[in-house]
Amino acid sequence: MLKTVSRAKGVWVLAEHKQGQLADISLQMVSGGRQLADMLNEDVCAIVAGNENRELADTLASYGTDKVYFLDSPQLLSYSAELYVDVLSRLIEDQCAGVFLCGATLAGRDLAPRLAARLKTGLVTDCVALTVEAGGSLVPTKATCGGKVYTRVSYLTSRPHLVTVRPDVFEIKKSSNVKKPGIISITPRLNGKEPRVKTAGFIKGDPKTIGIEEAEMIVAGGRGMGSADNFPVLEELAEVLGASVAASLQAVDAGWVSSARQVGQTGKIVAPRLYIACGISGASYHTLGMKDSETVVAINTDRHAPIFKMADVGIVGDVLEVVPAITNKLKAIAGEGSRVSQDKVADIFGSL
Amino acid sequence: MNIVVCVKWVISPDNAITVENGAIKHRGLYNAVNPGDLLAVEEAVRLKALGAGGEVVLVSVGPPSAEEGLRRCLAMGADKGMLLWDTAFENLESYTTALVLAEAIRHLSYDLVLCGQKSADMENEQVAAILAEFLDIPMVSAAVKIDITNRNDKVLVHRKLSKGNREIVETRSPALLAVEAGLNKPRYPNLRAIYAARKKEIKVYDMRGLGLEQEQAGVRGGKTKIMAHLPPRPKPKKLFTPDSRLSAAERMRLVMSGGVAQKQGDLLEGDAEYIASNVVRFFSEQKLISK
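Quick mapping for you: the protein sequence lines, in order, are chains A and B.
All letters in the first sequence, in the order written, are residues 6 to 357 by the working numbering.
All letters in the second sequence, in the order written, are residues 2 to 292 by the working numbering.
A couple of the hints might just be wrong.
[Claimed, not checked] Label-pair restraints from in silico Cβ distances: (1) A/Val137 x B/His27: 49 to 57 Å; (2) A/Lys314 x B/His108: 23 to 31 Å; (3) B/Glu202 x A/Glu98: 38 to 46 Å; (4) B/Lys146 x A/Lys314: 37 to 45 Å.
[Claimed, not checked] Which chain B residues face chain A? A few, computed with CB under 8 Å, are given here: (5) Leu162; (6) Gly183; (7) Pro232; (8) Pro235.
Quick caveat, the hints were computed from the structure, so don't treat them as lab data.
Where is the CB? At the ideal position from N, CA and C, for every residue including glycine.
Bound conformation, chain B alone (with noise of 0.2 Å):
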């Protein structure tokens, strides 16, 4: 069983982040192994473990300093390491990242390919299925579950749908699977794995040892582009009135109870079915119930 996993150094979602000048402003940001990718890679180790042999090969678009990603995912039990780096990748996009990732990967041997659904920093969630598109071999999103039988080639996919829903679905290896949360939880590796990962091979290619052109690759191969990063809108906070409009009934009951309905800012108080009856047409205008 061989296992192809794409990883990504991203900026860790734990930083503070702010921007500037229609720029992240990247000091003292630290960066991680996107999460997805960790059960990517936590998940291909595991598939090894049940099948008869077979490597894990983590395949990476970044520079040099992406490397300490790599190690990690080595300590977690990946085999070995690709690391795609040249300086005309600085600008890649979901395109063309899928393109170089593509080139590298469509020489290896592999039953699947994982990858996290999407990347913790650009949200894109598109590189997987571009690169499934690329590489011509069936692509399944939202993965939670993965079984897959060796002697035929039968992969069978739970799907995360919303509400704690799944669909199940079957395909046939080599297909591409792209991961998410609830699928599994990521190994710790231990000091003895993180030693070991130490020695396991990570070869870097650029542009010429990819066999790509300038105009394929580099930002003018892209599709889209970034054109500045700017500081969120806030969300608006819904609007709630309490109801002074009730029917006289209503207002009678509240009288003769003595639980008269005070506001105090916009916290709702007084008899118990007076705020029921504000909550669930609240419920009603959110479009929470049919009603």
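So that you can see chain A by itself, here it is in the shape it has in the complex (with noise of 0.2 Å):
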């Protein structure tokens, strides 16, 4: 069974942060860390790497963190899993942190295992749900076989205990008890050692050239579009929102576009933030390739079309009246030539 390390405490979270801005992951994870502090009656700590700011402490201690541990190096500034497995897992270690919490962002899920490994210690990725057991152990609850199973996973090992939390899992909640945080700096001893991966580069993903199976949003047309020479219709929605234009079945086979833009059974399978569907009736074929996409939006002029069943918003009415009116109000947001798709969750620390 279980055993708790009784010197082991406080809910660890790892404040992941962009421009001098805390990303709403990271607020997501204090105000869940926040409730499962309380549970366990311990606090929140959160790290801030590379940063020396002290707005970043008051936030945070507005959603309930009680101490702030800033490691001030600017070679954290940006994120390197060598040099952060270093640094983090000797704080847990010294501090003897309880509960290790982040969210399952690109830099958590790489970064977390590897510090699973060097604590020697239990992970659980990527979850949906936290509950706290008799004797105040965490029982994360976790997504597997695709979605089709959720899981409860316990840990075999004493604290720290890391958790990964699936992005959208917490809501960000002010606290209702919020005190002076207290801010301690840690200058890491960062070894000198050169990190064995070095990032040579980036490179920009544009929306009209991407993979669609990679697009944030995709506004998609169907048979409904009636014509390829309506289909700037939907490029300039596209435009204005940064999103990937894709197509159905029929739209593609009618030769309206390219087969590589092809939403479905046949074609590719999406799960972009937003899927806006045009002229598209939502047969199962389709909707196959598109049902895990965060939010849809459809547009039909047959208020019996399959796809309003799976739409969070359902709009009956012509494509071509509709999306325009939507774009204009867009670009009149966005100000001529530019986007405004909003950075919902930090790629990576201080990259793109």
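With the hints as a guide, dock the two chains, each given alone in a separate frame, to form the complex.
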């Protein structure tokens, strides 16, 4: 059974930030961490790497952080797995952290298992729920088998226990009991070791050319678009949103769009944050390809189209009227020639 | 160029999976090579062809039935396989799986270790990183393009970030690369390759053969334990209500244009301007746009 080392305490959260702003995911982790800490009767400690910025401490405190540890070293400003593992594992051990919590972001998913290996302790990844059982043991739940199963996992080791949590599982919530945060500044010993993996550069993806499976937002056209000549209407909406254009099987078969942009059972499977289905009926061979989209907006003249069953916003109307109206409203907000899309989750510290 | 590829025989993601009494109903479920690992095998075979000879060795922790998966990978062009199995390995989790793999791999000579970023069944996404730590070699995750120059031991990798962005990283072999979709399209071996694969060697190693102790690799060596498998909770639909609190001007315009806004259940219809206002408001509420 679980042996809880009584000295190990505190819910520790790694705060991701970009350009001096805390990422939403970090505020989620602090909010969720606060709830967890209340159940365990412990403190929430936030770790801010590479930045000595007092406003961040107050912001973190307003969501329930008790102590903020600033790892003051310019080398830590951008994420490097090896540096972070060295510094964080030492901090977790020195401070006898109880639970270490971070978002299952690109950086979190890269860092957490390395930490688990270094600390020789248990990690449960990409969790969709956290519960605390009798005795204070943490039992996370994670999605497995492509989301078809929810699996509850317990830790067999003593603390620290590591968890990564899926984005948007925790709601961002201000704390009702805000205290002045304790601020501890640590100058980590970096060994002078050269990281074995070095960043050589970045390539920014253009929504017009990236594979639709990687697109964060998609504007898709189906048979209801009428002809290839009407697709520029979708391209304009895509442009202002920073989205990629895709299509249903019908539109591809009609030769209006290249098959590389086909969504569906015989095309690609996509799971973007936003999927706007224009003139698409929503037959199962299509929805199989986009059912995991976070948000679905559907526009169709047929109010009985099956797509409306899975749309978060269903619009009965003519795409050729509705889409330009949306585009114009968005353009008014963005200003000519720019995009409105907002970064929701920090990709990686301090990059792109 | 010697490449080790870690392969897992998983519950195929194409199955309709149900749970009962806290366990996955295994009857009728079929297995497959983990899709991410197939990418790794394909890449290993490709890199070997580019380099000057060498071997692609498959390593898999799994029961005897996993041999089918190894044969498939051998048919793709891998040279030989190592199947690691012991009754003590029945309930291995990520840490102990990595431990067992490391024991087999550390005695091999390799330039690269490749594996899928995560398994399609348990989706822990931990083995690759933990294995690299045990082998004490550099590790790169989310690899979608691999460039290896033979003359020096430099390895150039493109990592998949979100929104189609890429990070370019450099490291030196030996290194471990965890690969993701976008890397390549795994080949379908032809019949001749499938027959040839039957003659390739698969050696089975049990715990003693690997030099492991019961405490290390058995369930007691594990860091986490599965308590129960449960049915998933459905994702809640986002709340959207058309805003009837339009400004006076907009209401006037609606009345005058004769386009009265209607709602059928949750459906939005009527004047395009009215629809657009609601959609943009919804986007803003959902933080899809910055406003």
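How the hints compare with the structure:
Taking the beta carbon of each, A/Val137 and B/His27 are about 31 Å apart, not inside 49 to 57 Å as hinted. Separated by about 56 Å at the C-beta atoms, A/Lys314 and B/His108 break the suggested range of 23 to 31 Å. Take B/Glu202 and A/Glu98: their Cβ atoms lie about 44 Å apart, and the range 38 to 46 Å holds. A hinted range of 37 to 45 Å for the beta carbons of B/Lys146 and A/Lys314 is consistent with their spacing of about 39 Å.
Annotation: B/Leu162 was flagged as interfacial toward chain A, and the flag holds, the nearest CB pair being 5 Å apart, inside 8 Å. For B/Gly183, the suggested interface contact is upheld, since its CB lies about 7 Å from the closest CB of chain A, less than 8 Å. At its closest, the beta carbon of B/Pro232 sits 7 Å from a beta carbon of chain A; the interface hint therefore holds under the 8 Å criterion. For B/Pro235, the interface hint is violated, since its Cβ never comes within 8 Å of a Cβ in chain A; the closest pair sits about 10 Å apart.
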